[in-house]
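Participant: Below are the chains, spelled out letter by letter.
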Amino acid sequence: MTNTFDAIVIGSGISGGYSAMELCKKGYKTLMLERGRMVEHGDYPTAHMDKWDLPNQGQVSLEEKEKHYFHQNKLNWWVKEDVKHFINKDDEYPYDEDQPFAWIRGHHVGGRSVMWGRHCPRWSDLDFAANKKENIAVDWPIRYADIESWYDYVETFVGVAGQAEGLPQAPDGKFIAPFPLNHVEQKMREAVKEKYPERVVTPCRTANLSEYNPEVHKGTRGQCMARNRCKRGCPFGAYFSTQSATLPVAKETGNLTLQSDAIVMEIIYDEKQKKATGVKVKDANSGEITHYYARIIFCNASTVGTAAILLNSRSETFPNGLGNGSGELGHNLMDHHYGMGASGTLEGFDEEYYKGRKPKGFFIPPFTNISQETKQADYLRNFSYQGGASRATNAPTGVIGKDLKDVIFKPGKWRINMECFGEILPYHDNRMYLNFDKKDQYGLPIITFDASLRENEIKMREHGVKAAAEMLAAAGCTDIRTRNSVTTIGACIHEMGTARMGHDPKTSVLNKWNQMHEVPNVFVTDGACMTSAGTQNPSITYMALSARAVDYADKQIKSGKL
Amino acid sequence: MHRRDILKYVAAVTGTAICAPLTTALLSGCSKQAEILPPTVATGPNLADGQFFTSDNLQHLVQIMDVILPKTDTPSASDVKVHMIMDNMFDKVFTPQYKKNFLNSFAKLNDYLASKKFPTASANEQALLLTQLELAQEPSQGFKAYIDIKQQTIAYYLSNEQIAEHHLNYLPIPGGYTPSIKVAEVGGKAWAE
Numbered sequence: 016m017t018n019t020f021d022a023i024v025i026g027s028g029i030s031g032g033y034s035a036m037e038l039c040k041k042g043y044k045t046l047m048l049e050r051g052r053m054v055e056h057g058d059y060p061t062a063h064m065d066k067w068d069l070p071n072q073g074q075v076s077l078e079e080k081e082k083h084y085f086h087q088n089k090l091n092w093w094v095k096e097d098v099k100h101f102i103n104k105d106d107e108y109p110y111d112e113d114q115p116f117a118w119i120r121g122h123h124v125g126g127r128s129v130m131w132g133r134h135c136p137r138w139s140d141l142d143f144a145a146n147k148k149e150n151i152a153v154d155w156p157i158r159y160a161d162i163e164s165w166y167d168y169v170e171t172f173v174g175v176a177g178q179a180e181g182l183p184q185a186p187d188g189k190f191i192a193p194f195p196l197n198h199v200e201q202k203m204r205e206a207v208k209e210k211y212p213e214r215v216v217t218p219c220r221t222a223n224l225s226e227y228n229p230e231v232h233k234g235t236r237g238q239c240m241a242r243n244r245c246k247r248g249c250p251f252g253a254y255f256s257t258q259s260a261t262l263p264v265a266k267e268t269g270n271l272t273l274q275s276d277a278i279v280m281e282i283i284y285d286e287k288q289k290k291a292t293g294v295k296v297k298d299a300n301s302g303e304i305t306h307y308y309a310r311i312i313f314c315n316a317s318t319v320g321t322a323a324i325l326l327n328s329r330s331e332t333f334p335n336g337l338g339n340g341s342g343e344l345g346h347n348l349m350d351h352h353y354g355m356g357a358s359g360t361l362e363g364f365d366e367e368y369y370k371g372r373k374p375k376g377f378f379i380p381p382f383t384n385i386s387q388e389t390k391q392a393d394y395l396r397n398f399s400y401q402g403g404a405s406r407a408t409n410a411p412t413g414v415i416g417k418d419l420k421d422v423i424f425k426p427g428k429w430r431i432n433m434e435c436f437g438e439i440l441p442y443h444d445n446r447m448y449l450n451f452d453k454k455d456q457y458g459l460p461i462i463t464f465d466a467s468l469r470e471n472e473i474k475m476r477e478h479g480v481k482a483a484a485e486m487l488a489a490a491g492c493t494d495i496r497t498r499n500s501v502t503t504i505g506a507c508i509h510e511m512g513t514a515r516m517g518h519d520p521k522t523s524v525l526n527k528w529n530q531m532h533e534v535p536n537v538f539v540t541d542g543a544c545m546t547s548a549g550t551q552n553p554s555i556t557y558m559a560l561s562a563r564a565v566d567y568a569d570k571q572i573k574s575g576k577l
Numbered sequence: 016m017h018r019r020d021i022l023k024y025v026a027a028v029t030g031t032a033i034c035a036p037l038t039t040a041l042l043s044g045c046s047k048q049a050e051i052l053p054p055t056v057a058t059g060p061n062l063a064d065g066q067f068f069t070s071d072n073l074q075h076l077v078q079i080m081d082v083i084l085p086k087t088d089t090p091s092a093s094d095v096k097v098h099m100i101m102d103n104m105f106d107k108v109f110t111p112q113y114k115k116n117f118l119n120s121f122a123k124l125n126d127y128l129a130s131k132k133f134p135t136a137s138a139n140e141q142a143l144l145l146t147q148l149e150l151a152q153e154p155s156q157g158f159k160a161y162i163d164i165k166q167q168t169i170a171y172y173l174s175n176e177q178i179a180e181h182h183l184n185y186l187p188i189p190g191g192y193t194p195s196i197k198v199a200e201v202g203g204k205a206w207a208e
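Residue numbers (our numbering), protein chains in the order written: chain G, 16 to 577; chain R, 16 to 208.
There's no promise every hint is true.
[Claimed, not checked] Partial list, derived from the structure: chain G residues whose beta carbon lies under 10 Å from chain R: (1) A392; (2) L395; (3) I415; (4) K425.
By construction, these hints were calculated from the structure, which means they are not laboratory data. We treat Cβ as the ideally placed atom computed from N, Cα and C, and that holds for glycine.
Next comes chain R alone, as it looks inside the complex:
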């Protein structure tokens, strides 16, 4: 599957339009590795089995999504329970075919990451591994699961109450419509959905 088709497909699954400019893959993720990132929860407490994912798979999900969206001055993906939202979506919403395909690809992703010692790697090494995986010319077998995780992580993170209310422009009753304003007028932040 072509990378573009995968992203279109993911948008259809999450029901959230995520704009991913494919022609201008930014390489900043590769070049800015000097920055020290905080450790992930790789060594954190074990998670119980979810409704859909096993404890081990949830653990793997959390490791990956917290490299995608780590804790900074804003919460990490798992801080706002993105992994539990994902678990619920897989349990309640997604089709059996999608779930089967995801688990197949996810198993390959986990094998690949294990072979690269991802779980015990430093935060910087983890980020480098995932960035390389995403930018590889020939997508690896776990690529599709990784892209699904990334897209869903972003979508569910932004639709979280804490994130939407505190880190985006949250305005449930705008009171009217202004067709043109400057981004600076609203502090450079996006509107919460």
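Isolated chain G (complex conformation):
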């Protein structure tokens, strides 16, 4: 194998997969480097397991959690027997915290595209313009018009099930058929709309193929079977992942070389040429060092991974990390915050039921601070909800014996549950940095987190909880229970912002094309590029930005500018 390629993509997750596929399709001989192990499509060992097939009712033993998942299990819903093989062991991949941080990830081909939540809400100009309007951090160098056609482009390939609503704060995508609201969710939609016209309960916009069209859903895709076991990996290829979609398409071009167990230690910068020339890679198993070279480099190692590689790429020109003249690298770390919401019982509808386990429930786009009329005195930005209505097992108090059996074999009462997801502002002081005095088993400096929620987020949470209860009440629920337990940053697994885009090289790392201001042949199109966080699940935006950046890089190269 030659060590020289046209392009190198660092990372094989959702944005790395997309960047690599687009580069390959445009004819670039592309090397994709993944630090973790190989996972082939179909290599999903728990995909067909029922609860009784899994040990401990699906729960990971306490001993194992304490030994291997002391960070990852900060999300107590996350480390389970059905997915633990896709979750990093903390004792193998350590990190430090000045303040509590949940860095939830899995080092393997496909990365978190295997276990992701699959929500695909678009950003709007409300989000892109917010920093400028409120004079917070720096302005986004792009607006919705810059990305709209790229959303169209990637959504068509990804296959996003959803329902058009015509909301300016949540632009409609190129939707395939939605997974419709069930009977009670539909009733809730109507009741909420009646009382709060600006609050729209709509089917989640999700990357699951409700309709499979082999003409556009290329790769190894297929119709959704409504199993709702997506995060274990889908043998039907029904949700979008690197394995099911971008990787097979990239491979088919003949231009892709995929190397797993290949840890990028740093990006090599050439002082004379004033550009990056390649990457230094350590074999995760043998420890052998190899250099690979390329004309352009896409860094898609995830928000924190990318910033760590750039911070570790030190040279005479860039003593504080590649392209870090602004000093912003690692700063402005964002996520979404949750752990707040409400649930309630809806009496009646005893004859109504559903068939199949849809992969997602409902979505309520933001409805505060979206206009002058909805402006809030207490906080900036807004929040959205995800939720669902289902019939849980009924276990009435005081009922046992044969009577209890009669009850538990039947569908229980309808419960509606909704979780609120709030925006986190870009605070310069929220950051991750490298501790060069402490190294991991591969000799990489230890990543250290120092970030927290501030007053704006805490204020917003109160309203998020209150509004959730209001909507359940409007729907006619009783026994409404609210919750508000503040999550640590990272817990939403939407890290963003460590190499932000901006107009000015003095205050940002990337330009409006996701290109490093100071190192023009390096592009960053993962979550590191985000200038603010919105409330949207960010992956579809990373994919759109990746396709857009590859298109730009290609044009620059063809016109001799890069």
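Once you have looked at the hints, place chain R on chain G.
Facilitator: Showing chain R alone in chain G's frame:
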């Protein structure tokens, strides 16, 4: 601890959302005692020590869970080894603090039930005792252990292969999603998880 808090807590421990309407405590358990229930395994063979529970404690657990879910035309809780699942969960999954609290409350529950001659009572008397315990205005000291046992018994029973496949609607690959059907279309039964 308020009854509601206890149930929320139990749901967190079992990882299974069990819906327990607390405002409408049904009294049918108290009023339908005329029906003859089959005997429990109270006089059955001794159980060996489990991984976590002693032989005696397993015996007590089985007695209680088989009153909660007795053998009818469907299996009892212990028929599908719910007590062994519970033993494993206590051994492998639950925190030391939870286990300690449970054992404390469980000891009080056993003392209480012994004082009421629960082990040798008739099936109907046993059911009455547990129902009264659950519905008491002032929860007794063993109440928390009892609720834990009840909730876990139901959760583990329904997630048992035999129960899920034969007594619930088991459909591992639905093939698609239909948002609205009538319960009668699926024989009035709940979907297996």
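Participant: Confirm or reject each hint.
Facilitator: Hint check:
no., hint, in the structure
1, A392, "violated, 33 Å"
2, L395, "violated, 33 Å"
3, I415, "holds, 5 Å"
4, K425, "holds, 6 Å"
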